[in-house]
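A.B. asks: With the sequences and hints as input, model every part of the structure.
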Amino acid sequence: MSTFDPAPDGHLAVTSTSDTSTAADAIDLEGYRVATVAGGRTVEYLVEGDPDGFPLVFHHGTPGAAVPYAYLSDVARERGLALVVASRPGYGTSDAYPGRRVADIATDVAGVLDDLGCDDFITLGWSGGGPHALACAAAFPQRCRAAAVGAGVAPFHATGLEFFDGMGAENIVEYKAAIAGRGELDPLLEEEAAKFRAVSAESVAESLGDLASPPDRAYATGDFASRLLASINRGVARGIEGWVEDDLAFTREWGIELRDISVPVSIWHGTADWTVPFAHGQWLAAHVAGAVAHLYDDEGHLSLWSQVAVIFDDLIRQAGL
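Just add 105 to wherever you are in the sequence shown, counting from 1, and you've got this note's numbering.
Derived by calculation from the structure, the hints in this document are not laboratory data. C-beta: ideal position from N, C-alpha, C; glycine also. One thing to keep in mind: the hints can contain errors.
As the list claims (entries may be wrong) - EDC-like mimics (lysine to aspartate or glutamate), calculated; alpha carbons at most 20 Å apart, straight line:
| hint | residue 1 | residue 2 |
| --- | --- | --- |
| 1 | Lys300 | Glu311 |
| 2 | Lys300 | Asp315 |
| 3 | Lys281 | Glu358 |
| 4 | Lys300 | Glu289 |
| 5 | Lys281 | Glu297 |
| 6 | Lys281 | Asp220 |
| 7 | Lys281 | Glu267 |
| 8 | Lys281 | Glu296 |
Stated by the list, open to error - Pair by pair, the computed Cβ-Cβ distance ranges are:
| hint | residue 1 | residue 2 | range |
| --- | --- | --- | --- |
| 9 | Glu296 | Arg322 | 18 to 26 Å |
| 10 | Glu183 | Pro319 | 23 to 31 Å |
| 11 | Arg357 | Asp270 | 16 to 24 Å |
| 12 | Gly204 | Ser367 | 37 to 45 Å |
| 13 | Ala175 | Gly395 | 27 to 35 Å |
| 14 | Gly204 | Asp402 | 35 to 43 Å |
| 15 | Ala263 | Gly314 | 21 to 29 Å |
C.D. replies: This is the structure in structure tokens:
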């Protein structure tokens, strides 16, 4: 695989493959690489962790974008992993992809890995990134050595799942708006994006309302809260297109067959998750072929991040690294 030169600030120095830094972008591109993927779209991404390490592709939540995640990159570096984080279409400076399905993330991941000169990889998706990690496992049975889903959402039309049971009111409203269409979804997300832009790191947990359980409110402090807010705000800095397309993709057919996934998959979820209810993790564990469940009492949607080192170690073991 390729190696990367460390920058003076400790992050990995990467160079854009195309000049997307225009006045209209108004988003800092320092440290970002830009890959051109099949179809001609561009995708921004970061590489952190160990510059000589085995690639771990991380899929951010909804809304979100690639930012330096210290709480991930430090753990990756300690384990000899190169942490590869790309902004999904419409987030950050990544080109939008109207009408995309969950399965279509495979195009972006293939383009990014090819840009890096990498072949095999492992992958982790958190929250809205969970379905996209599963899409990579489905699309790349020879390249993806193992996949993990942290607090991940299940298919909207999943048989036997009461999708909204245990979910905070804000997310119920958002999903129902997605089902109704962009006429309802766009103004709702514009309002929510404006709220996030006005939030401080100290008030992130409070801003999440009843999506944040007590363990989440206790966990969403300090550097974690700052990085979480940075990811969200980079994701919506140029608009809500990425957020809209994520929500629409979640409520459509994903375009993958979970029962046909052949690579090792682990599902991680907490009983105190009010953002993506615990039942989603249970459903995925029961329906993804060969999945191993790691279900925690009293962990929430955010506090489950406390298990990141355990998750990375499990991915390494499952991949035989």
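A.B. asks: Now, for every hint given, state plainly whether the structure supports it.
C.D. replies: Results of checking the hints against the structure:
The suggested pairing of lysine 300 with glutamate 311 holds, with an alpha-carbon distance near 12 Å, which does not exceed 20 Å. For the suggested pair lysine 300 and aspartate 315, the alpha carbons sit about 15 Å apart, so the restraint of at most 20 Å is met. For a cut-off of 20 Å, the pair hint linking lysine 281 to glutamate 358 stands: about 16 Å separates their Cα positions. Proposed proximity of lysine 300 and glutamate 289 is supported: the alpha carbons are some 17 Å apart, at most 20 Å.
With a CA separation close to 15 Å, the supplied pair lysine 281 and glutamate 297 stays within the 20 Å bound. Pair hint lysine 281 plus aspartate 220 does not hold up; C-alpha atoms about 38 Å apart against a cutoff of 20 Å. Proximity of lysine 281 to glutamate 267 is assessed by CA-CA distance (about 14 Å); at most 20 Å being required, the pair is judged to hold. The straight-line distance between the Cα atoms of lysine 281 and glutamate 296 is roughly 16 Å, inside the 20 Å bound, and the hint therefore holds.
A hinted range of 18 to 26 Å holds for the C-beta pair glutamate 296 and arginine 322, which are about 23 Å apart. Against the hinted window of 23 to 31 Å, the Cβ-Cβ separation of glutamate 183 and proline 319 comes to about 30 Å, which satisfies the hint. Take arginine 357 and aspartate 270: their Cβ atoms lie about 21 Å apart, and the range 16 to 24 Å holds. The hinted window of 37 to 45 Å between glycine 204 and serine 367 is violated, with their beta carbons roughly 28 Å apart.
Checked against the hint of 27 to 35 Å, the pair alanine 175 and glycine 395 passes, with Cβ atoms roughly 33 Å apart. Between glycine 204 and aspartate 402 the CB atoms are about 40 Å apart, so this pair conforms to the stated range of 35 to 43 Å. A C-beta distance of roughly 25 Å is found between alanine 263 and glycine 314, which places it inside the suggested range of 21 to 29 Å.
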